[in-house]
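Modelling step: build the complete structure from the supplied sequences, incorporating the hints.
Same order as they appear, the protein sequences are chains A and B. For reference, each letter of the first sequence is one residue, going 1 to 111 in my numbering. For reference, each letter of the second sequence is one residue, going 1 to 534 in my numbering.
These are calculated hints, taken from the structure and not from any lab test. Be aware that one or more of the hints could be misleading.
Distance windows between CB atoms, simulated [stated by the list, open to error]: (1) B:24 / A:62: 32 to 42 Å; (2) B:398 / A:45: 42 to 52 Å; (3) B:392 / A:78: 37 to 47 Å; (4) B:222 / A:52: 41 to 51 Å.
Positions of the beta carbon are idealized from the N, C-alpha and C atoms, including for glycine.
These are the residues of each chain, in order.
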Amino acid sequence: MNNKLTLNPEEWDRIAASRQFQDLLAVKRLFIVPALVFFLLYYFLLPILVGYAPKLMGTRVFSTVTVGYLFALSQFLVGWLIAGLYMRASAKFDRLTRDILDEEQLRQGGR
Amino acid sequence: MSIALTVFLIFVAMTLGVTYWAARRSRGASAYFAAGRRITAWQNGFAVAGDFMSAASFLGVVGLIALQGFDGFLYSVGGFIAFVTILLLIAEPLRNTGKYTIGDVLAYRLRPRPVRALTALSTLTTILFYMIAQMVGAGALVTLLLAGSGISYNVAVTGVGILMVVYVVFGGMLATTWVQIIKAMLLCACALVLTVLVFHHFHFRLTDFFGAASQVSYHQSGILVVRDFVQAGLRYKPPHGPLDLVSLGFIFAFGTAGLPHVLVKFYTVPDAKTARNSVVWAMILIGSFYVMTSVMGLGAAAIVGPDYILTHGGTNMAGPLLAQALGGELFLAIVSGVAFATILAVVAGLTIGASASFAHDFWVNVIHHGVERRHGETVLVARVSALAIGAISIVIALLLGPTANVGILATFGMAVAASANFPVLALSIFWRRFSTTGAIAGLSVGLLAVMGFLAVGPNVMGIDPPGRIASVRHLIQAKPWFPLENVGIVSVPLGFLAAWLGSVLGNEPAAEARFNELVVRSHTGLGAEQASLH
Chain A
1 MNNKLTLNPE EWDRIAASRQ FQDLLAVKRL FIVPALVFFL LYYFLLPILV
51 GYAPKLMGTR VFSTVTVGYL FALSQFLVGW LIAGLYMRAS AKFDRLTRDI
101 LDEEQLRQGG R
Chain B
1 MSIALTVFLI FVAMTLGVTY WAARRSRGAS AYFAAGRRIT AWQNGFAVAG
51 DFMSAASFLG VVGLIALQGF DGFLYSVGGF IAFVTILLLI AEPLRNTGKY
101 TIGDVLAYRL RPRPVRALTA LSTLTTILFY MIAQMVGAGA LVTLLLAGSG
151 ISYNVAVTGV GILMVVYVVF GGMLATTWVQ IIKAMLLCAC ALVLTVLVFH
201 HFHFRLTDFF GAASQVSYHQ SGILVVRDFV QAGLRYKPPH GPLDLVSLGF
251 IFAFGTAGLP HVLVKFYTVP DAKTARNSVV WAMILIGSFY VMTSVMGLGA
301 AAIVGPDYIL THGGTNMAGP LLAQALGGEL FLAIVSGVAF ATILAVVAGL
351 TIGASASFAH DFWVNVIHHG VERRHGETVL VARVSALAIG AISIVIALLL
401 GPTANVGILA TFGMAVAASA NFPVLALSIF WRRFSTTGAI AGLSVGLLAV
451 MGFLAVGPNV MGIDPPGRIA SVRHLIQAKP WFPLENVGIV SVPLGFLAAW
501 LGSVLGNEPA AEARFNELVV RSHTGLGAEQ ASLH
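Right, here's the structure in full:
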C-alpha cells in the first residue's frame with residue numbers, strides 16, 4: 001500500500017467529507033466515546049468512594065480484604081477488558097480504513 | 001566485589017553490547033529518534049513498559065504501600081489505568097500525524113514556532129522532574145547497597161549518568177528500546193519471584209497474608225501503633241485527603257497520555273495498528289506488575305515492617321529490603337541490580353525524549369525555521385544536548401540527597417504532562433476550532449498552574465510549617481496556601497479552560513482549514529511517516 005500520496009487541500013477536504021470516511025468516524029465514535037466515558041466514571045469512582053465513603057470501602061468482604069481493595073483490583077480487569085474490546089472493534093476500523101486507502105490509490109491511478 | 005555490583009555490571013555489559021550493535025545500524029534522524037520505525041508490537045509494548053515503570057514504580061510505589069498501605073496502591077491503579085486514555089485517544093493519531101515529538105502533532109496546523117517552543121519547554125520540565133526522581137532513586141539504592149563495596153554515592157551517580165549518555169549518544173532510540181525491553185523482562189521476572197516468595201512466606205494462604213497486612217505494628221512519634229494496611233486513609237487523611245485523592249486521579253488519568261518520553265515510543269513502530277497493539281502489550285505487562293506491587297508492598301509492611309524500612313534506607317527501599325528478608329543477600333543483590341537497570345533504562349528514555357524535543361522542536365524548527373543548515377544537524381544537536389542533559393542531571397543528583405519518595409516526585413512531572421501537554425494534544429487532534437493562541441494559552445497556563453500551586457502547596461511552601469520540629473530549617477516556614485499536594489484537580493481544568501478560551505478569543509481560519517487534513521491523516525495514516533527499508 002502506497003502511503004506516500006501527495007494530496008492538495010481540496011482532496012483532503014473531499015476525503016474528509018466522503019461517506020466512507022464519515023462512516024469510519026461514526027463507527028469509531030460509537031465505540032470510543034462510550035468506552036472513554038465509562039472508563040473515566042469507573043476510574044474516578046475509586047478515589048471518590050475511597051475518599052468520601054470510607055465506611056463502605058472499608059467493609060470487609062472476606063478475611064480482611066475490603067471492598068475498596070477489590071474495587072481497586074477490578075480497575076485492572078476493567079482496563080484489560082476495554083483493551084480487549086477495543087482490539088476486537090478495531091478489526092472493523094482497519095477494514096473501513098483499508099477501503100478508503102484502496103479507493104484513494106485507485107483514484108491516484110495506482111501510483 | 002559484591003553480588004549486586006556483579007549483577008549490575010552484567011546488565012551494563014549486555015546493554016553496551018546492544019548499544020554497539022545499534023550504533024552500527026543507526027544512520028540518520030529517523031533511525032536515531034525513532035529506531036527506523038521498525039520496532040514490532042510486542043517489542044514496543046515491552047519497551048513502553050520498560051520506559052514507564054521507573055524507579056517511581058518499583059521503588060517508590062512499593063515503598064508507599066509498605067508505609068501507607070492501601071493509599072499507596074492507588075498510585076499503582078492510576079499508573080496502569082492511564083494507558084486506557086493512551087489506547088483510546090492518543091497512540092494511533094500520534095503515530096499517524098507526528099514524526100519525532102509531541103510538538104510535531106501541534107505544529108501540523110498551528111503556527112509552528114511559538115507552539116514548538118512552548119512544547120519543548122513543557123517537555124523538558126516534565127522530563128526534569130522525572131529525571132530527578134530517577135536520580136534520587138539511584139542515590140538511595142547506592143546508599144543502601146554499595147555501602148560496603150567502596151563505591152560512593154557520587155561515583156555511582158556519575159557512573160549512571162555517563163552510561164545513559166553512552167546509550168543515547170551512540171545507540172539512539174534503537175539501543176534505548178532494547179535496553180528497555182531487557183529491563184522490562186528483568187523487572188517483571190523480579191516482581192513475580194518476589195510476589196511468589198511473599199505468598200510462600202504465608203504458606204500460600206491468602207487469609208494469613210491479608211491478616212498480617214491488617215495488623216502492622218510500628219512506632220509513630222515514639223508510640224507503638226497497630227494499623228490495618230488494607231484499609232484506606234493512612235496517607236490521605238481528612239480534611240483535605242479525599243479531595244487530594246481525586247486530584248491524584250486527574251494527574252494519572254491524563255498525565256501519562258502527555259508524558260513525552262512515553263509518547264515518542266509510538267513513533268518507533270511501522271504504523272498506527274502496531275502502535276495500538278503495542279499499547280495492549282504494555283497494558284498486560286504494566287497491569288500485571290502493578291497488581292503485584294500491592295503484594296510486594298503489603299508484604300514488605302507485614303514481613304519487614306515500617307520501622308525497619310525507615311531505619312534502613314527509608315521509603316524507597318521497601319522492595320529491596322523485602323527481597324533481603326525473603327531471599328537473603330543474593331536475592332537482595334539481584335533485585336538491587338535490576339532496580340539499577342530499571343533506573344538506567346528509564347533515564348536513557350528520558351534523555352532521548354528530551355534531546356529529541358530540544359533538537360527537533362527547539363533548535364531546528366524554532367531557531368532555524370525548520371531548515372537543517374547541514375545534513376545530519378538535528379541528530380548532531382540531539383547528541384550534544386543528550387550530553388548536556390546527562391551532565392545537568394548528574395549535577396542535580398549530586399546536589400540532592402535520597403530524601404523524598406521518588407513515587408511522589410514523579411507525580412509532579414506527570415502533573416505538568418496532564419495540565420499542559422495533554423489538553424493541547426487532545427484538543428489539537430479532536431477540536432476543529434483549536435488555534436495557536438489556544439495552544440499557547442493552554443501550555444503556559446497549565447505549566448504555570450502546576451508550578452505555582454506546587455510552590456505554595458504542602459510539599460514546598462508547607463514542608464516546614466511553624467511548630468514542626470525539623471532537622472533542616474527551610475527557607476519558608478509557613479502554612480501552605482494551597483492545601484492539596486496533588487494539583488491536578490485545579491491545574492488540569494485550568495489547562496483545558498485556557499486552551500479553550502484562547503481558541504475562542506483568537507480564532508485562526510488557517511488552522512481550521514487544515515483540520516480536515518489532520519483528521520484524515522490521523523484516522524487513515526495517509527501520508528504518515530514510513531518505516532525505513534534497511
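Could you work out which of the previously given hints the structure breaks and list their numbers from low to high? 1 and 4
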